[in-house]
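Participant: Single-letter residue listing:
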Amino acid sequence: MTHLRRDDGFGGQGDAFYEQLVAAHRNLSEYDSGALNARLVLLLANHVGDPAVVAEAIAAARRGLAAGASGAAQESAE
Amino acid sequence: MGSYRYRHYAYARPAELNGGPRRRHPVVVVGAGPVGLAAAIDLAQQGIASIVLDDNDVVSVGSRAICWAKRTLEIFARLGVAGRMVEKGVTWQVGRVYHRDLELYRFNLLPEGGHQMPAFVNLQQYYVEEYLVDRARQFPDMIGLRWKNTVTGVRQSAAGVTVTVQTPDGTYELDSEWLIAADGAGSTVRSELGLPFEGRSFEEKFLIVDVRMDADYPSDRRFWFQPTFDPGQSVLIHRQPDNVFRIDFQLGWDADADAERRPERAMERVRRVVGPGVSCEFEWCSVYTFRCARLERFVAGRVVFAGDSAHVVSPFGARGGNGGIQDIDNLCWKLAHVLRGAAPPELIDSYDRERRHGADENILNSSRTTTFMTPKTAVERQLRDGVLALAPHFPFARALVNSGRLSRPCHLQGFPGFAADDGGVFGDMCPGMPCDDAPVSGVDGRSTWLLEHLGARPTALVFVADRRDATYIAESAAACGIPGLAIVAITDRRQGDLPLPELLDRDGLVRTRYGGATGVTYLIRPDQHVLARWRGWDAAALGAAWRNCLGSGSA
Numbered sequence: 001m002t003h004l005r006r007d008d009g010f011g012g013q014g015d016a017f018y019e020q021l022v023a024a025h026r027n028l029s030e031y032d033s034g035a036l037n038a039r040l041v042l043l044l045a046n047h048v049g050d051p052a053v054v055a056e057a058i059a060a061a062r063r064g065l066a067a068g069a070s071g072a073a074q075e076s077a078e
Numbered sequence: 001m002g003s004y005r006y007r008h009y010a011y012a013r014p015a016e017l018n019g020g021p022r023r024r025h026p027v028v029v030v031g032a033g034p035v036g037l038a039a040a041i042d043l044a045q046q047g048i049a050s051i052v053l054d055d056n057d058v059v060s061v062g063s064r065a066i067c068w069a070k071r072t073l074e075i076f077a078r079l080g081v082a083g084r085m086v087e088k089g090v091t092w093q094v095g096r097v098y099h100r101d102l103e104l105y106r107f108n109l110l111p112e113g114g115h116q117m118p119a120f121v122n123l124q125q126y127y128v129e130e131y132l133v134d135r136a137r138q139f140p141d142m143i144g145l146r147w148k149n150t151v152t153g154v155r156q157s158a159a160g161v162t163v164t165v166q167t168p169d170g171t172y173e174l175d176s177e178w179l180i181a182a183d184g185a186g187s188t189v190r191s192e193l194g195l196p197f198e199g200r201s202f203e204e205k206f207l208i209v210d211v212r213m214d215a216d217y218p219s220d221r222r223f224w225f226q227p228t229f230d231p232g233q234s235v236l237i238h239r240q241p242d243n244v245f246r247i248d249f250q251l252g253w254d255a256d257a258d259a260e261r262r263p264e265r266a267m268e269r270v271r272r273v274v275g276p277g278v279s280c281e282f283e284w285c286s287v288y289t290f291r292c293a294r295l296e297r298f299v300a301g302r303v304v305f306a307g308d309s310a311h312v313v314s315p316f317g318a319r320g321g322n323g324g325i326q327d328i329d330n331l332c333w334k335l336a337h338v339l340r341g342a343a344p345p346e347l348i349d350s351y352d353r354e355r356r357h358g359a360d361e362n363i364l365n366s367s368r369t370t371t372f373m374t375p376k377t378a379v380e381r382q383l384r385d386g387v388l389a390l391a392p393h394f395p396f397a398r399a400l401v402n403s404g405r406l407s408r409p410c411h412l413q414g415f416p417g418f419a420a421d422d423g424g425v426f427g428d429m430c431p432g433m434p435c436d437d438a439p440v441s442g443v444d445g446r447s448t449w450l451l452e453h454l455g456a457r458p459t460a461l462v463f464v465a466d467r468r469d470a471t472y473i474a475e476s477a478a479a480c481g482i483p484g485l486a487i488v489a490i491t492d493r494r495q496g497d498l499p500l501p502e503l504l505d506r507d508g509l510v511r512t513r514y515g516g517a518t519g520v521t522y523l524i525r526p527d528q529h530v531l532a533r534w535r536g537w538d539a540a541a542l543g544a545a546w547r548n549c550l551g552s553g554s555a
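Here the protein sequences line up with chains A and B, keeping their order.
Residues in the first sequence are numbered from 1 upward in steps of one, following the working numbering.
Residues in the second sequence are numbered from 1 upward in steps of one, following the working numbering.
Derived from the structure by calculation, the hints contain no laboratory data.
All of these numbers come straight from a predicted model, not from anything done at the bench.
Backbone N, C-alpha and C fix where the C-beta goes; we use that ideal spot for every residue, glycine too.
Some hints could be false.
To be verified - Derived CB-CB ranges, DEER-like:
{"hint": "1", "chain 1": "B", "residue 1": "Glu-452", "chain 2": "A", "residue 2": "Ile-58", "range": "48 to 54 Å"}
{"hint": "2", "chain 1": "B", "residue 1": "Thr-91", "chain 2": "A", "residue 2": "Asp-7", "range": "55 to 61 Å"}
{"hint": "3", "chain 1": "B", "residue 1": "Asp-254", "chain 2": "A", "residue 2": "Leu-40", "range": "29 to 35 Å"}
{"hint": "4", "chain 1": "B", "residue 1": "Ala-342", "chain 2": "A", "residue 2": "Leu-43", "range": "24 to 30 Å"}
{"hint": "5", "chain 1": "B", "residue 1": "Val-379", "chain 2": "A", "residue 2": "Asp-7", "range": "26 to 32 Å"}
{"hint": "6", "chain 1": "A", "residue 1": "Thr-2", "chain 2": "B", "residue 2": "Asp-254", "range": "51 to 57 Å"}
{"hint": "7", "chain 1": "A", "residue 1": "Ile-58", "chain 2": "B", "residue 2": "Asp-216", "range": "19 to 25 Å"}
{"hint": "8", "chain 1": "B", "residue 1": "Asp-254", "chain 2": "A", "residue 2": "Tyr-31", "range": "16 to 22 Å"}
{"hint": "9", "chain 1": "A", "residue 1": "Arg-26", "chain 2": "B", "residue 2": "Val-61", "range": "47 to 53 Å"}
{"hint": "10", "chain 1": "B", "residue 1": "Arg-106", "chain 2": "A", "residue 2": "Gly-12", "range": "54 to 60 Å"}
{"hint": "11", "chain 1": "B", "residue 1": "Arg-106", "chain 2": "A", "residue 2": "Leu-40", "range": "23 to 29 Å"}
{"hint": "12", "chain 1": "A", "residue 1": "Tyr-31", "chain 2": "B", "residue 2": "Pro-395", "range": "24 to 30 Å"}
Claimed, not checked - One side only, chain B facing chain A, incomplete, derived with CB under 7 Å:
{"hint": "13", "residue": "Ile-237"}
{"hint": "14", "residue": "Gln-382"}
{"hint": "15", "residue": "Gly-386"}
{"hint": "16", "residue": "Phe-396"}
Claimed, not checked - A few chain B residues that face chain A, going by a derived Cβ cut-off under 10 Å, partial list only:
{"hint": "17", "residue": "Arg-13"}
{"hint": "18", "residue": "Gly-232"}
{"hint": "19", "residue": "Val-379"}
{"hint": "20", "residue": "Asp-444"}
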C-alpha cells in the first residue's frame, strides 16, 4: 500500500514551489484565494488518485485543528 | 389537477362490523400506495390472499413519485402493469447537467441495447396507483381493497398481528398472521409500535411545480446548477405524460414556504424558466424539505415495514419509490414461502438484512447528492463551486458534479444465502446480482424477453447443446428436491423437441451476459436474483443451494 509521501518531493526545489504558490494568490480577494485553494486541492487530489493517500493527507492536515470543541460538536450533530 | 380526473373508489361497510366470526387473514397490508398495492398483487400472484387498508379513497393527490427505474419496471412487468406504464409514460435515458448557461456533460443510463425495459419512465404516481388498483381488482378472491379504512392501533402476539381500523361506519379489529406496513413516511404503524425513525435532516427548501404546456422540451432529465433564469441554487426539469412538466426549484433554507407555494408566485418562477410566448397552466405544487432516515430494523415481530415507512431519502436520484418497489420484490416471495410452510419464518430476517443494505445504499447516495447541492459553509461552497468551475475542462471534475445518482438495482453479493461464485463461469451475473434481461425466442419463433421467464418461482437457467443434454437434466430435475422449480433451457440453435421449455438465444446476448457455455447452470430466486451458478448441471448442488437460501434467515 502506498503511503503519503513525507520526504522532500521537490528534490531541493521547494523554495521555488513555495514562491509559486504564494504568487498564485497575489492580487486575489480573500474569497478568490479560497476558491483558488479549493480548485488546487481538487486538481492535486485527483492527480494523487489513491483514496488511502488522500485520506492520510486529510488526517495530517487536520492534526492540531480537529480537537476544537466546535469541530467535534459539528460532527456529532450529523 | 387539470390533466387527471380522480375517481373515488367505493367504500364498502366491512363484514366485521356486522359481527361475523373473526378469522385470521394471512396478510394485512396498510397503505394502498404503490408499495402496498404492489405487495398485494405480488402475494396474490403467488396464491396468498391479503386485505389492503387505506385511509383515503383516491389515488395519489399530486404527481409525487414520477421517475420509475428499469429494475422497478422489470418488477412491475412481473406484476402485470409495466406495459401500461411504458405505453403511457415518457421514456428517457439521458441526463443533462448545466452550470449557468453551459452544458457540463450528459450521462446515458442505458448505453446498451437488448433490454425490454428502458432506463427510466416518467409517469405520475396517480397513474401508477390507478394501474395497480386495476390490476389488483383482477384478483377479487385474493385481494380485499378497503378504502376509508384507517388503522388507529396495532398490537401483536406470537400468533400474529391485530389492527384497530376506523371506518365511516365504526371501528373494528382485524387479525393477520403478518402485517405489511406500507403507510408512508408518517407511518401510523411505526408510531403505534413506538419505533424510532432516526436520520439526518437537510436544511434546504424545495419548490416542486407541475405545469401543463405545449413546450418543445426533450424527454431528457435536465438539471441546472446556479441557473441564469432563476434566483435559486438549482432547477431540475422532468417531462411527464399529458404535456405536464415537473420543475423543481431549490429555494434556499430561508425561503418563505407559505409565500412560495402560492400558485401565482410559483407560476412567476415557471415563466422565467419557459420564457414568454409559451402558454402554461398550473397543475400542482408543493414546498418540501427532506431528510434521510431509516428504521433500525425493517421487521418487528410479524410486522414488516416497506417503502417510506421503513426508509426515506431525498428525491434526487429517484430512490424513494424505486427503493420501495424493490422492497416488495424482495419480501413477497419470502412471505409466500413462509405462509405456505415451505420456509421457516426466519427467512423474513433476510428481507430485513438485504433491504436495509438497499436503503443504506440509497441514503448514502442521496445524502452525497444533497451535500453537493446544498453547501452549508463558505468553504463547502468554494469546494463545490471549484468542482463546477473545473468541470468544463477536466473529466475528473465532471465525475464529481452530483445532481443525483439515479437509482440502480441493488446487488447482494456476499449476503448469507447466496452461494460463493463458481470461478469457472464468466460474465457479470455472479450470485447476488439481479438478472440482466436479453432478447430470446420461444420454440414457436415468437420474440420474448428472458426476464419474462424468470421469477415467481425458483428457476434454473441451463445452457444446453441438444436434446440429449436436456433429457438428462429433465430426468434428474426431481433430484434437486426444489418444490415448484422451473427449468429453462437456453439454446443457440433452435431444437424444438426438448423435454424442457426452450428459449433460443437469438442474438447471443444471454451467452454474453451470463457467460453461457454448454452446461452452465444458474439457480435464480423468485425475485430474479442469481442465487448460485455452476459450470455444469448438478441436481444435488442446486437443491443444497436452495435449502441454504431458505434457511439463511437467522444467519
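Participant: The structure should be examined with respect to each hint, and the outcome stated for every one.
Facilitator: Now the hints, each set against the structure:
1. Glu-452/B / Ile-58/A: 48 to 54 Å: At 49 Å between Cβs, range holds.
2. Thr-91/B / Asp-7/A: 55 to 61 Å: holds, 56 Å
3. Asp-254/B / Leu-40/A: 29 to 35 Å: holds, 31 Å
4. Ala-342/B / Leu-43/A: 24 to 30 Å: Roughly 58 Å apart at Cβ, these two residues miss the hinted range, so it is violated.
5. Val-379/B / Asp-7/A: 26 to 32 Å: holds, 30 Å
6. Thr-2/A / Asp-254/B: 51 to 57 Å: violated, 45 Å
7. Ile-58/A / Asp-216/B: 19 to 25 Å: violated, 47 Å
8. Asp-254/B / Tyr-31/A: 16 to 22 Å: With Cβ atoms ~21 Å apart, the hint holds.
9. Arg-26/A / Val-61/B: 47 to 53 Å: Taking Cβ atoms as reference, Arg-26/A and Val-61/B lie about 59 Å apart, which means the hint is violated.
10. Arg-106/B / Gly-12/A: 54 to 60 Å: Violated, at about 46 Å.
11. Arg-106/B / Leu-40/A: 23 to 29 Å: holds, 28 Å
12. Tyr-31/A / Pro-395/B: 24 to 30 Å: holds, 27 Å
13. Ile-237: Because about 28 Å separates Ile-237/B from the closest Cβ in chain A, which is outside the 7 Å limit, the hint is violated.
14. Gln-382: For Gln-382/B, the interface hint holds, since the closest Cβ of chain A sits about 4 Å away, which is under 7 Å.
15. Gly-386: holds, 4 Å
16. Phe-396: holds, 4 Å
17. Arg-13: violated, 50 Å
18. Gly-232: For Gly-232/B, the interface hint is violated, since the closest Cβ of chain A sits about 21 Å away, which is over 10 Å.
19. Val-379: At about 7 Å, which falls below the 10 Å cut-off, the nearest Cβ of chain A leaves the hint on Val-379/B intact, so it holds.
20. Asp-444: violated, 53 Å
In this structure, the hints that do not hold are numbers 4, 6, 7, 9, 10, 13, 17, 18, 20, in rising order.
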